[in-house]
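Input sequences plus hints: build the corresponding full structure.
2 protein chains.
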Amino acid sequence: MMPPPRAVVAAELAMSFVATLHRKLRAGMSPAVVGLDPRVESLPALLAAEAAPAARILAFYAEVLPALAAIVPAVKPNVAFFERWGAEGYAAFEQTCRRARGLGLLVIADVKRGDIGATAEAYAEAHYAHADAITLNPLLGSDSVAPYLAHCKAGRALFVLVRTSNPSAAEFQGLELARGGDLSAALASAVDAWGRDLDEDEGYCSVGAVVGATQPGELARLRRLMPRAIILVPGVGAQGARAGDAAAAFDARGRGGLVNQSRGILQCFAPSDRDWLDRVRSAARAFARDVSAASAGAGQASAP
Amino acid sequence: MMPPPRAVVAAELAMSFVATLHRKLRAGMSPAVVGLDPRVESLPALLAAEAAPAARILAFYAEVLPALAAIVPAVKPNVAFFERWGAEGYAAFEQTCRRARGLGLLVIADVKRGDIGATAEAYAEAHYAHADAITLNPLLGSDSVAPYLAHCKAGRALFVLVRTSNPSAAEFQGLELARGGDLSAALASAVDAWGRDLDEDEGYCSVGAVVGATQPGELARLRRLMPRAIILVPGVGAQGARAGDAAAAFDARGRGGLVNQSRGILQCFAPSDRDWLDRVRSAARAFARDVSAASAGAGQASAP
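So the protein lines, in turn, are chains A and B. The end of the first sequence is residue 304 by the working numbering, with every number in the run present. The end of the second sequence is residue 1304 by the working numbering, with every number in the run present.
If you're looking for bench data, these hints aren't it; they were derived computationally from the structure. Mixed in with the good hints there might be a few duds.
To be clear about the criterion: a stretch of chain B counts as covered by chain A if any three or more of its residues have a C-beta under 8 Å from a C-beta of chain A, and this derived list gives those stretches [to be verified]:
hint : region
1    : 1075–1081
2    : 1116–1126
3    : 1132–1142
4    : 1154–1168
5    : 1174–1188
Just so it is clear, CB atoms sit at the ideal spot from N, CA and C, and this is done for glycine as well.
Structure (structure tokens):
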């Protein structure tokens, strides 16, 4: 498969992440994201079986991404699963991002970086070079976020970890603060502040948040603290939550949320299944329908 | 320069990070670490001037690392500055780590990763493949740390972010908790707990912490909460702290701390300086002396 012509990519970039997302949703797409967490042992056995891991991963996404582009607006490649294979894996990560963008998919690079001033600038340049949005760990505070905000003003987006979906998430994120609320609430308020000066589209700006769907009560509480943030909701599927658990992320118009599923879609088949791509398409379509229902359900529940 | 024979690297790995560090300190080395944050615009102008950025970075470290190996026990490459150059930069990161280890330097990969279960396992495999120790962001809690602890049992080490050295570090890390203490104190207690079952050498185990030198009072307070953790202290030099500010990390025998400086050593020259390598050697020797004095000073201060 050839890389897309440069002009196509450039045209996609001319519109901001948030505006592009909303254009896709207005056209009827579901606010669903498919996570790309390549595990070599789960790839279709027949696909480039003799090749090196990074080449097998690329071959898999070359088949999968065109199918996904017709069903969901965005993908979320997790760089850890690519870095696992060293520099070749990192090259596969970049190539996968480029390929996805060439197909019109928004790319949310799940890098969970968080570093100070000069280092954050290096990361921002590296990751926004091939992604529309990235995830960020905010433990180091505002000056670790600032370098990314400049890119957000220019159309890129940020999803700040506010409440993760793993079992021990509450260990630190749920610590109650002396001033009231927990650490996640403090992070949510900071997300709201970081997005204050940024343009909005349909009421949302380019500084978003990651809040797991594993505790729906948390999601509703944190949503109220950052009304202009698009909330990226992981934890659906293998981590135990259902798409409906993400309903609290959405407003009455079905905006404000993006629900991610990874393993349930791109590992929905056995490596020996010959019809694996059909299974992926079916799983992605079912997931997109579930997320659409969750976002519409939120609208009905809160409609006057 | 040829890569070192496999046997040499394997022999180095046979001893744990902590034991290797202590062996070097007993032999008279200073607990000083030089940070590798490659900035292409600061490299010596005459060195591989026509080459691509990743190749120039490699050429620089090929000259610098043998000089450093005679002066300090460890280097801390920051992956962000390599990733800045994409897959080629990532390959340069791996090669720099390998070269440093081949020279007998301990490698602390400053990756500040933090992700959940399966993703953390992917990172652990990726980074311990070419580093003796890594830095970790603990915001996601114990289950994001667990995959690394298995490697720590096998001799690798971990430095968990407890209090960073940047200006906005206190924004979240300094939040006072309802149960008393701040978030950094909670993180320090967790570091102590994570290292509980691990072997120790001279009283220290392989789960360490990062605590900036920019607030010496914080360092003394946090040291008491994690008595078995080696504290890696950044923030010396360009970030405003002096080596003496790290004294509280050390015990009476001068153990328990590692002090890092980056820009002050590997950017101590102008790109046009012809004697840049001599300047690097002098800066590294002066830094090592300052750190030795800081660690000895702690010993004298707390001696009976």
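Right, here's what the structure says about each hint:
1. 1075–1081: Check passed, 3 qualifying residues.
2. 1116–1126: holds (count 9)
3. 1132–1142: holds (count 6)
4. 1154–1168: holds (count 6)
5. 1174–1188: This one holds; 8 residues, not fewer than the three required, reach chain A with a Cβ under 8 Å.
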